[in-house]
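Enquirer: Here is how the chains run, residue by residue.
2 protein chains.
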Amino acid sequence: MADMFTKIKQASARLRRQANVTPVHTSRTFNEIVGAEVYLKCENFQRVGAFKFRGAFNAISQLSDEQKARGVLTYSSGNHAQAIALAGRLLEVKSTIIMPKNAPAIKRAATESYGATVIDYDPQETTRETLAQALLQENAMTLIPPYDHEDVVAGQGTAALEFHEQVPGLDLLLAPCGGGGLLSGTAVATKNVAPQCKVIGIEPELADDATKSFRTKTLHTVHNPPTIADGTRTPSLGKITFPLVLEYVDDMQTVSEAAIIEAVQFLFYRMKLVVEPSGALGIAALLSQAVRTGKRVGVIISGGNIASQTMHTILNSPSAR
Amino acid sequence: MADMFTKIKQASARLRRQANVTPVHTSRTFNEIVGAEVYLKCENFQRVGAFKFRGAFNAISQLSDEQKARGVLTYSSGNHAQAIALAGRLLEVKSTIIMPKNAPAIKRAATESYGATVIDYDPQETTRETLAQALLQENAMTLIPPYDHEDVVAGQGTAALEFHEQVPGLDLLLAPCGGGGLLSGTAVATKNVAPQCKVIGIEPELADDATKSFRTKTLHTVHNPPTIADGTRTPSLGKITFPLVLEYVDDMQTVSEAAIIEAVQFLFYRMKLVVEPSGALGIAALLSQAVRTGKRVGVIISGGNIASQTMHTILNSPSAR
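Protein chains in written order, with the numbering used here: chain A, 369 to 689; chain B, 369 to 689.
For the record, the hints were derived by calculation from the structure and aren't laboratory data.
Be aware that a few hints might be false.
Using 25 Å as the maximum straight-line C-alpha spacing, the simulated SDA-like pairs for lysine to any residue come out as follows [stated by the list, open to error]:
1. Lys663/A with Val389/B
2. Lys475/A with Asn684/B
3. Lys663/B with Asn388/A
4. Lys475/B with His680/A
5. Lys475/A with Thr394/B
6. Lys475/A with Lys607/B
7. Lys607/B with Gln430/B
8. Lys475/B with Ser676/A
9. Lys475/B with Asn388/A
Under 7 Å between C-beta atoms, here's a sample of chain B residues computed to sit facing chain A [stated by the list, open to error]:
10. Arg385
11. Asn412
12. Phe413
13. Leu511
14. Phe636
15. Gly672
16. Ser676
Fair warning: this is a prediction, and the values are worked out from it, not measured in the lab.
Ideal placement from N, C-alpha and C gives every residue a C-beta, glycine not left out.
Isolated chain A, as found in the complex (with noise of 0.2 Å):
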């Protein structure tokens, strides 16, 4: 799929001076730990605290003149919809969220904070999808997906682009997979810049259906799964993400709930990095011994937006090790 790296060129190059360039962090004591010396590129301090704004701008800024003058309506309770919202704001184009009732108050009003517009729904009386179908009937907005889009999943391909320029030379690369738009934007990268660097997934063990689609070959979906990394909680991959998924990523993981639990308490006591939990299932990966290591690893912190009662669950918990 050399046009969908051709995709992430370009989001690159679209992308400049609007998203940061994320910073690479290192630890003696992780390598130590895991006998590897281990590169996070930390999306956390990607623009909304987490890699979205990359896929999110680079489809938006792609609209017709007449498709930013109607507008983008996305579904999302989770970073995407921040994402939208900023790069709405940035490109002067008006966004709607649909956000279940029992979204988190604080992630709506993040959102809202941007400038979108939030319209919330009873999961228990429809389904976003049907909502969604209503709306874009009624204001022909266009629909801008979380990750299963050409343009979404190129934007995400960005951060693995920029990571290799950082630290050339990478055997191995983790990253987190949800609906696998950042997992197969890596690995799509990675495989054109860095061909001899393995990409792998890295999952939740509750929310396996990567896993088993890519084992399996066939598309296996999870409902609401209890992990708590709520960034994986997505359903399946996508008709885009799917395939990318495996033609091009070498292998795909799964570490458990007091691993993610053990991977947020070292980033936060000894690397003062605030990450959430699905942020920091590659380094959760590492110090389980889930995948084996190689000389230089680089890790995908995919985000840091993470609720106080969320973090202060997970630094009270006792550590796995």
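For chain A, the structure is supplied; the task is to place chain B on it using the hints.
Expert: Chain B in isolation, oriented as in the chain A frame:
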């Protein structure tokens, strides 16, 4: 005091490849709130999680072989203890730390994990100074106090030296003040390499001894002030730091506990940085408008060692705004 500046430059050479060159972070949101370009020098990413490593390593590395063989002693239950313990390990110098019996178990464990010997005492029965004198006479160790020592001050000054190289043209620099080691080193370095830049020391209102001392030119002391910023609970400036603060610091300002809490919250939620309350004093001063801001403002984030319970209390406090 060209002499102290020379010591800072020498310390900087000694710390090369030993201390981390800590990154500078920025936030578009914060800049909008305070109406300035603000640069955060993130010493929470320093080894042991605080600037204290700089002074400890600089001091121990200058001991004679005989002194090194006899070992070093200090008293601290905070970041200086861990700094001496790690610097001692790296320089193969045995370290002994006097800590109150009631110091948090996690701090004692962290200090011991670097190979230091911890001796505890009952603050009801004796003082750390009395115990230190007894141990020094018995074992002929060298005392490295937490701040009132030229080589410690010189080491702490290297953070500002590095900061001015990373961000030229600052017109205001804010540093927290406990015993004045960081603040005086910062001020000496700044007046030598960026004389146009004002240096303001920030203290909690509840521990405003240095501010009073600065204004009256007479040494004031406080006893165990009840501020959440535990790094500033020192009783007073020292014999070495007080004259340096008087000569080189432009002003001192205080911030409320509410402003400190708001600053730690902002750093956590918006900048994804784990910062201890003492480390957030400069941000608190800007948010609460305790200082008139400049155009290009530097803030030294001094450390990130915070107990989970303290972070929980802070994240669950109502915002001051």
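Enquirer: Evaluate each hint against the coordinates.
Expert: Going through the hints against the structure:
As the CA atoms of lysine 663/A and valine 389/B are separated by approximately 23 Å, the hinted pair is consistent with the 25 Å bound. Straight-line distance between C-alpha atoms of lysine 475/A and asparagine 684/B comes to about 16 Å, which keeps the hinted pair within the 25 Å bound. Straight-line distance between C-alpha atoms of lysine 663/B and asparagine 388/A comes to about 22 Å, which keeps the hinted pair within the 25 Å bound. Between lysine 475/B and histidine 680/A, the direct Cα distance comes to roughly 19 Å. Compliance with the 25 Å bound is thereby established for this hinted pair.
Under the criterion of a C-alpha separation no larger than 25 Å, the hint pairing lysine 475/A with threonine 394/B is consistent with the structure, at around 23 Å. Of the supplied pair hints, the one linking lysine 475/A and lysine 607/B is violated, its CA atoms being roughly 51 Å apart against a limit of 25 Å. Note on lysine 607/B and glutamine 430/B: the hinted pairing holds, with a Cα-Cα distance of about 21 Å set against a maximum of 25 Å. In summary, the hint linking lysine 475/B to serine 676/A is supported, as the alpha carbons are separated by about 23 Å, within the 25 Å threshold.
Taking the CA atoms of lysine 475/B and asparagine 388/A, the gap is about 35 Å. The hint is violated against a cut of 25 Å. Taking 7 Å as the C-beta cut-off, the interface hint given for arginine 385/B is violated, the closest approach to chain A being about 12 Å. The interface hint given for asparagine 412/B is met, as the beta carbon of that residue sits about 4 Å from the closest beta carbon of chain A, less than 7 Å. The interface hint given for phenylalanine 413/B holds, since its Cβ lies 6 Å from the closest Cβ of chain A, which is under the 7 Å cut-off.
With its C-beta approaching chain A no nearer than about 28 Å, leucine 511/B sits outside the 7 Å limit, and its interface hint is violated. The interface hint given for phenylalanine 636/B is met, as the beta carbon of that residue sits about 6 Å from the closest beta carbon of chain A, less than 7 Å. The closest approach between the C-beta of glycine 672/B and any C-beta of chain A is roughly 4 Å, which is under the 7 Å cut-off, so the hint is satisfied. Proximity of serine 676/B to chain A holds as hinted, the smallest CB-CB distance being about 4 Å (cut-off 7 Å).
The structure does not agree with the numbered hints 6, 9, 10 and 13 stated previously, though it agrees with the rest.
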